[in-house]
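Asker: Using the sequences and the hints given, assemble the complete structure.
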Amino acid sequence: MRSRGNAKWSPSVLMREMHTPFGRRSSKPAHLHQLESLLRTGTVPLGMSSDWQPVADVLRAANGPARPSELTGETAILAAFRRAQLDVPSRRPVTRPPMLSALLTGKLAALAVCASVGVGGAATAAYANVLPAPIQGFAHSAIDAPAPHPDASHSGEPSHSPEPSHSPEPSHSPEPSHSAKTEPTRSVPQSLVPKPSPTRTESPELPPSTAAYGLCRAYAEATAHGVQLVGSLQEKLVALAGGAANIAAFCATVPKPTPNPSEHHDASTNPVATAELCKIYNRGAKLTGPSLELLVRLAGGTDRVRALCSAYPTPSPVPTVTHTGDATSTVAFGLCNGYRHGTLPEKYLAMLDQLAGGADHVAAFCATVPQPTGTPHAEPSQAPPSSPVI
Amino acid sequence: MAASSFEQDLSAAQSGDEVAFATLWRNLNPGLVRYLRVVAKPAAEDVASETWLQIIRSLGKFRGDEQSFRAWVFTIARNKVTDWRRHEGRRPTEEITAEHFDVAGSDDTEQRVLDQLSTEGALNLIATLPLEQAEIIMLRVVAGLDVAAVAKLVHKSEGAVRVSCHRALTRLRDALSTLAAGSVTR
Numbered sequence: 286m287r288s289r290g291n292a293k294w295s296p297s298v299l300m301r302e303m304h305t306p307f308g309r310r311s312s313k314p315a316h317l318h319q320l321e322s323l324l325r326t327g328t329v330p331l332g333m334s335s336d337w338q339p340v341a342d343v344l345r346a347a348n349g350p351a352r353p354s355e356l357t358g359e360t361a362i363l364a365a366f367r368r369a370q371l372d373v374p375s376r377r378p379v380t381r382p383p384m385l386s387a388l389l390t391g392k393l394a395a396l397a398v399c400a401s402v403g404v405g406g407a408a409t410a411a412y413a414n415v416l417p418a419p420i421q422g423f424a425h426s427a428i429d430a431p432a433p434h435p436d437a438s439h440s441g442e443p444s445h446s447p448e449p450s451h452s453p454e455p456s457h458s459p460e461p462s463h464s465a466k467t468e469p470t471r472s473v474p475q476s477l478v479p480k481p482s483p484t485r486t487e488s489p490e491l492p493p494s495t496a497a498y499g500l501c502r503a504y505a506e507a508t509a510h511g512v513q514l515v516g517s518l519q520e521k522l523v524a525l526a527g528g529a530a531n532i533a534a535f536c537a538t539v540p541k542p543t544p545n546p547s548e549h550h551d552a553s554t555n556p557v558a559t560a561e562l563c564k565i566y567n568r569g570a571k572l573t574g575p576s577l578e579l580l581v582r583l584a585g586g587t588d589r590v591r592a593l594c595s596a597y598p599t600p601s602p603v604p605t606v607t608h609t610g611d612a613t614s615t616v617a618f619g620l621c622n623g624y625r626h627g628t629l630p631e632k633y634l635a636m637l638d639q640l641a642g643g644a645d646h647v648a649a650f651c652a653t654v655p656q657p658t659g660t661p662h663a664e665p666s667q668a669p670p671s672s673p674v675i
Numbered sequence: 010m011a012a013s014s015f016e017q018d019l020s021a022a023q024s025g026d027e028v029a030f031a032t033l034w035r036n037l038n039p040g041l042v043r044y045l046r047v048v049a050k051p052a053a054e055d056v057a058s059e060t061w062l063q064i065i066r067s068l069g070k071f072r073g074d075e076q077s078f079r080a081w082v083f084t085i086a087r088n089k090v091t092d093w094r095r096h097e098g099r100r101p102t103e104e105i106t107a108e109h110f111d112v113a114g115s116d117d118t119e120q121r122v123l124d125q126l127s128t129e130g131a132l133n134l135i136a137t138l139p140l141e142q143a144e145i146i147m148l149r150v151v152a153g154l155d156v157a158a159v160a161k162l163v164h165k166s167e168g169a170v171r172v173s174c175h176r177a178l179t180r181l182r183d184a185l186s187t188l189a190a191g192s193v194t195r
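Order-wise, the sequence lines are chains A and B. In terms of this note's numbering, the first sequence opens at residue 286 and continues consecutively. In terms of this note's numbering, the second sequence opens at residue 10 and continues consecutively.
Take the hints with a grain of salt, since some may be wrong.
[Stated by the list, open to error] If you anchor each label on the Cβ, the simulated ranges turn out as follows:
#	chain 1	residue 1	chain 2	residue 2	range
1	A	G586	B	D155	53 to 63 Å
2	B	Q17	A	R367	17 to 27 Å
3	B	P51	A	G586	40 to 50 Å
4	A	N567	B	S20	56 to 66 Å
Honestly, the hints are just simulated from the structure, not real lab data. Predicted, not measured: the structure shown is a model, and the values here were computed from it. The C-beta atom is built at its ideal place from N, Cα and C for all residues, glycine as well.
Answerer: As structure tokens, then:
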């Protein structure tokens, strides 16, 4: 074939080429319409160099006949399709095949905690900051209960629900993204919602009397509804009361905490959230929605945010970039660009989440980030610093 | 798959016809899995399942022809990939080696590459491209989408998609030449 024994391959050229497989080599240029034809047909069009024959072979092979491994799983998908047909009248979500259902078990278990104490009980449990973090986060925005403690961990909730898509649905589908409706974790900044782990820990930043009051309210609600507290709620209350038999007596002695915690939620009650939000604030990034509300609440008023955050030194989150407003917006632009292209590595995604004030604000945040002046709009330079070199 | 039979299958599947839905699945799943295999390798099977569950949920509301159905399916898949990548990190890039081609022995590697290039080998080779280029090649070649559909799907201009295609194909050509040349010296 073409290159075997070809004298044009001097050893030095070969060595260089072998070590830089993507290195540019001088070759006859191909016209775009020829490449288009190559893409469409998998054959080298007339007039195009035979150098392209191997590429055509690759493209044809990539588009070869279906392989058995690509047609496995039909049974499970068809079963899901059948179940969906049964569900159509009630518009309930599709029942998932077993491989996915395991991921959701934790979420269902967490919801069961709510169900077992009734809605009022859930509310008071949330007030006591003893719910699993995602639910606490929802409660925080819904009923003004304390935000979930960033260190809190709890059973089960998958770190990533397979169901909702943060990205918009294709325009053909009017079905809204589930995340907006049903994903309580998205109602607080992502940076404040910890990844769960199997056991939930205490919430040491809450005064015991506050927790006790919430637990006792939950207990009262549960009793009124004829159900029992379960799991960690019950354990905490038993521990506080010094035994299951003492709960009623114990709760009779617990006063309602005087200051409403949601009104006086200063840095000492949620230091991690404050630090995180102030980091963003100090960086000059725009805080929006729940994260802004939370920061204002933590500071005790809009006019006190600056004073609160002055206690937190400005971090240097982006290496190699100086910390001016312009540089930040340049970084933001690069991050957003990578985000739009789906090429952003995880660590930069986390950074972008923080800049935007939460994962579900990223799209809105990026819509507000202007292209920095002086940045050419050419394709390669749009990519974030870490994306593959073109 | 002829367009008319696609439309019949789509319509029947939207009415709950399982056989018609199975036909859609068999026609689209291989390409979908290959696309996911290149852009989200470790999670390809899971993301494919999630994509199909989403398709099942939204199928009744889809309106359009076969091309737009393909674009719709791959858009859903891409969104699932984006979700996955946010949590799992990015596809690592690799360098091309002869192992990518499923060919044993090396005295005649070029010939083997050209004669016996498997689908798997081709996907492995495409997966060594920068992610953005690899994705666009898969959407053009395997998903069978035109430039306009790919541009919309990846949120780029048609010109940018063409440039990416051009770069990707050039890289493939150079890599294959290099590989073939390397086999000469072994």
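Asker: What are the numbers of the hints the structure violates, in ascending order?
Answerer: none
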